[in-house]
Structures are given as structure tokens and as C-alpha cells.
Amino acid sequence: MKKELWLKLKEALGSVLPIAIIVILLCLTIAPLPVGTVGLFLVGTVMLILGMGLFSLGADMAMMPMGERIGAQLSKSGKIVFLAVAAFIMGALITVAEPDLQVLARQVPTVPNAVLILSVALGVGIFLVIALLRILWKLRLSWLLIFLYSIVFIVAAFVPGDFLAVAFDSGGVTTGPITVPFILALGIGIAAVRGGRSSRDDSFGLVALCSIGPILAVMIMGIFYNPAAGAAEPAAAVEIQGVAMLLHLFLQGLPLFAKEVGIALLPIVGFFIFFQVFFLNLPRQMMKRMTVGIVYTYLGLVLFLTGVNVGFMPAGNELGATIAALPHNWVLIPLGMVIGFFVVMAEPAVHVLNKQVEEISVGAISRQAMLYSLAIGVAISLGLAMIRVLTGIPILYLLLPGYVLAIALSFAVPRIFTAIAFDSGGVASGPMTATFLLPFAMGACEALGGNVMTDAFGVVAMVAMTPLLTIQLLGLVYAIKMRKLAEVQPLPAMTAEEEELIIDFADEE
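Heads up: the sequence shown runs through residues 19 to 527, numbered per this note's numbering.
Hints are computed from structural coordinates only; laboratory data are not their basis. A couple of the hints might just be wrong.
[Stated by the list, open to error] Capping the alpha-carbon separation at 27 Å, the derived lysine-lysine pairs in BS3-like fashion look like this:
#, residue 1, residue 2
1, K306, K94
2, K306, K21
3, K373, K156
4, K21, K373
5, K373, K94
6, K20, K306
7, K306, K277
[What the hints assert, rightly or not] Just the calculated beta-carbon pair ranges, DEER-fashion:
#, residue 1, residue 2, range
8, A426, L284, 40 to 46 Å
9, L23, P127, 39 to 45 Å
10, F429, L46, 55 to 61 Å
11, S168, P301, 45 to 51 Å
Every residue, glycine too, gets a C-beta built ideally from N, C-alpha and C.
Starting from the given sequences, assemble the full structure and let the hints guide the process.
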């Protein structure tokens, strides 16, 4: 287990170090920050690395096995009503305590935290039921996405402009480090029991559908709730006077996030204990390993969330404001793209998804290919987000054509890539986006005198959209390449999964 932890810590170091180096270089060159803010950032970086390592190992040991076994048991029961009720309760309870959502809610001043969180929870609960029924009934994801996103953009026409970006952002932050491992595994468990040729493809797509629910729920809430009162307030700069004060801020944050993570994990653990007692009866040795995994998950998330909230949020806000104040503030666009490219690598849930994709495809879709496709997508999204900050382009001008193109691509690529792509959008927009990229955009927007609610919010939504395109383009290139190779000569070394990708591509043409 020590060896596994060491490997996870090395992976975390490789993920976090690039963004830390970029921020430090900017501080030493064009965007000097107060020494105290830099100190917070550096301590936060160390906590991020430790937290990501522990969380990743904990997810492998506990979160994924729990989700797969609960999903399999729900499917075996054969009772649709039981599955629907259990899925709704799980989805709603997990979402209420999702740390990412708590972060976003604290940054939206126009709606009380409880109203926003409960609206999102209701949306996730309903759409988790829809997502699980899709697997059981073998509904094609592409057609379902067309129908649901058509409703989203029709409803968007009636939502107040100051609230639209927040609604789309809520869909991205909902699928965070607590929900993603569990929901992914839930789908895999149900699809495995259902069986059939398409079970592998259908095991993904839950995160995609669970991201739509919050968007619709918050939009509907926005139509009937007056969001005009209040203005967005980016995080205020804190003057750090000495090392003692710096450490005090982290020690002050630890109990808060320890409580939040505990509340977030409790529903999942509770559901698993219920299923273990009445249905599963797993061996004691396995239960012992999963218990250790839950402890690792808990400690990892506490460290991670304390690091990003206390250390990264002030740095992101001040960095955005400092760069926007430069004479050539257009530099926000390329710098935002570079930051976005590396930030996604530090998202804990991204590594969970990439691992699952590699395992399900038995290496046909590698972690590295997934990671770089996601990184390119997020880089593009940050470039577009910074253009919005500089020009005030309405978010629908970018989201509508983006989603139309993404859904059009879904009919030209193997189905597994579509499901993975739409899951990736929700996974990429995690705590790093909510606590670093969003404050970065808010700081820049405030410095430029823009409207934070319309121009800065929407970063999470942009991050959630562009991977839909890049991952599907990866699938298109991969399938075409494999089919051409197969036509030229036999490929005895091909895996069954690679052969299926070629067959799927040919069938869809």
C-alpha cells in the first residue's frame, strides 16, 4: 500500500507542479503578487499534492468498488421503482454536500446558498434516475442529449441575463470529486449486470446527464426567483503578516472543510453500509481495505479543498486583476490558455475518469491521450472565457454553437467516445476551476470594470463544453486510423475493444 501511495503522490506532483511553476513565473515577471498571497499559494500547493495522492488512492480502494457493487445490486433487483427512488435519494444527498457546489454558492451573492444548492440537488436527483434508466432501457445517448439540450436552450431564452452564466456553471461544479467516482462506478456496475454488446459504451454518460439536471433546475429557479439584488464580490485580498498568520488561515480552514467532506461522504458510506448488511455481504478483508480507502479519500479531500480554497482562490483572484490592469491586457487570452492547459491536470476527478476509461477499453483509449485531449479542450475554453471577459460577448453565443457541434459529432464517432466526452465535460470543471479559474476571471473582470455576473461567471460552463469537442475528435481520428490500418493489413495484435471501435464506426457510417 505504501508503494501505491508513493506512486499516487508522484502522479499528483507531476499534475500540480506545472501550474505552480507558471504562477511563480508570472509573479516574478509581469504580475507580482503580495508575499503573503504567494506564501498561501505555495502552502496550498503542498496540500494539493498530498490531498490528490491520498484521494486518488482512496478512490481506487473504496469509492469505485462501492459504486460498482451498489449499481450491480440495484440492477439485479429488477425493480424499477426501487432503483428510481434509491437513485434520486443518492443523487440529491450527495449533491447537497458536494464541496464544488458549496464553493460556487459562496461566490454567487444574488441567491441564498440554500436555494441554489437545493435546486441543483433536485436536478441531479431527477437526472440520475433518467441516466440509470437509459442504461437499462438501452436508449442512445446522442438522441437523449439532443432532446434535453434543446429544452435547455429553449428555457435559456426566458432566463434573466445576469443569471444565465451561473445556471450553466452549476452544471459543471455539481460533478466534483465526491460525485464523479461514485456515479461513474454506479453506471459501470449497472451496465455490467445488464450485459450486451453496448454495455461498455452505456457504462459512461451518467455524469453527462447529471450535469444537465442542475442547469435546467437553476434556470427554472432563476425565472421565478428575482436575482437582480446584489452584486458579485470577488474574494477580498488578505494581508498576511508573518508565517504565524499564514498558518493560522490554513488551520482555520481545516475544520471547516473536514466537516464539509465528512457530510459529503456520509450519504455514500451510509448507502453502502445498508447494501452491505442487507444484500452484499462482502468478505471482511475486502471491507477492511475499503474502510482504509474511505479514510484516505476523506483525508485527501480535506487537504485538497483546504489548499485550493485558502491558498489558490486569493492567488487566482489577484493574478487575474493584476494581469488585466496591464497596458496590453489582451495577454489574458494566451496566459489563460496556458493556465487552463495545466490546471485540468490537477483536477482529482479527471484522473479517476481517465483510469476508468483505460480500464473499460483495456488500454484502447490511454490515460495520456485522454489527459492531453482534456487539457487542450480546457485551454481553448479559457481562451474563449478571457475573450468574454475582455469583450462582454454573451455566453450563449459560444455555448449554443459549441453544443450543436458536439452533438453533431456524436453521430460520427464510436458511441463510447461520445459518452466519455460528455462525461469529461463535467469532470474537467471541478474544484480547481471553481477556486482558481473562476476567481481569476472575476479578478480580471473587476479590474476591467465589467459585469462579473455576465462576463466572469460562465468560466465553468466553458470548461465543461470544450472537452465534448476535443474528446470526440480524438475518437474520430482514432477510429479512422484503426479502420485504415485494418484495410491495409490484418492486425492480429488488436484488442477486442479496438476491433469493436472499428465495427462501431463502420456501423454508424
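Can you list which hints this structure breaks, lowest number first?
-> Checked against the structure, the only hint that fails is number 10, while the rest are satisfied.
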